[in-house]
Amino acid sequence: MSDDSVDLSIAIVSYNTRALLLECLASVFESTQTIRVEVIVVDNHSQDDTVAAVRAAYPALYIIMNSENKGFSKGVNQALAVSRGRYFLMLNSDTRVLEHTCERMSACLDREPTIGAVGCKQWTGEGQLYQSCFPFPSICDHLIYAAPVRQCVPALQKMVAATQAIDCTLSHDVDWINGACFMVRTDLMRACGGLDEGYFMYFEDVDLCQAIHKRGYLIRHVADADIIHLIGRSGERERTKLNLVWEFSRIRYVEKHFPLFKRWIMKTWIILGALVRLISTVGRRPSTGNAYPLEMYVSLMRRLVYGREPVPSELVWAGSQRR
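Taking our numbering, the leading residue of the sequence shown gets 51, the next gets one more, and so forth.
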């Protein structure tokens, strides 16, 4: 239930990101002096003393401790269930919130009731503006951005990317915004059912934006609000595992939002890619603990062949950690 005494609930899901999280929290409290906020940290069973460090620095902070890595979507929904703010902000632990950002994003929602959610400009740690809002993905996007095309015809990808570029220095109504810093009306977020927990992580932000649009709301990129996004830092040690989780999430998104014929094309394409990678691993000894285990390829193929039968991404994650 929303509480008029809280303007904004900020949900941060963390998994083994102690140092990043502490820096993120410091930026949140430094940048939200004129807005009433509550911060909810969801820790997905970190092994780096994240909870102890956060409690030492912020004794009164609301922390939800999970006994296993439940993924981003479930973590966000846990925070949503206890949030009291009028607005709900999903914030990555690898971000730094700059001054007035939360206030300006909230003010946009205050001014324009037809806007259901907002995002902001995102800068890399090197000071480069990072595109964070996009058109909804199409079948052409999935095909053109596949690894074989990237390796064989890189110029084609650049040409397509240029047609989809959005000037993030200007405010726009957009199809979707990435979930690194994404503010939604709390009541609307709950009406959408929160994030779809069938996505362990990845594509859950695109999926939520689809749901927001279907309820008749706009999504606005707010150009006078900024964060620094240390892209990929929160998962850099788990990159190969996360790539596999991304594949499962892509399959779910395709099945949920693409018509039957396009679904068939996409799943055939994904199957071919998985087969190529599987063949390349046969008889080869993995060089690192991050290598895809053979059973994960089998799970991916089974997921594609049997259609909507769910294969929980938590199992993929756990399976890829057994080495």
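Keep in mind that the hints were calculated from the coordinates and are not lab data. Cβ atoms here follow ideal geometry from the backbone N, Cα and C, with glycine treated the same way. You may find that some hints are simply not true.
[Said to hold, decoys possible] Here are the in silico distance ranges between beta carbons for each label pair: (1) G266 <-> D99: 43 to 53 Å; (2) F186 <-> L310: 13 to 23 Å; (3) P309 <-> D54: 38 to 48 Å.
[To be verified] Below 30 Å or equal to it, Euclidean Cα-Cα: the simulated DSS-like pairs (lysine-lysine) are: (4) K317 <-> K306; (5) K264 <-> K306; (6) K264 <-> K312; (7) K317 <-> K264.
Hints, verified against the model:
1. G266 <-> D99: 43 to 53 Å: This hint holds: roughly 45 Å between Cβ atoms.
2. F186 <-> L310: 13 to 23 Å: holds (18 Å)
3. P309 <-> D54: 38 to 48 Å: Once the Cβ atoms are compared, 43 Å apart, the range 38 to 48 Å for D54 and P309 holds.
4. K317 <-> K306: Holds, at roughly 12 Å.
5. K264 <-> K306: Holds - the C-alpha atoms of K306 and K264 are around 14 Å apart, at most 30 Å.
6. K264 <-> K312: holds (21 Å)
7. K317 <-> K264: Within the cut-off at roughly 25 Å; holds.
The structure meets every hint from the earlier list without exception.
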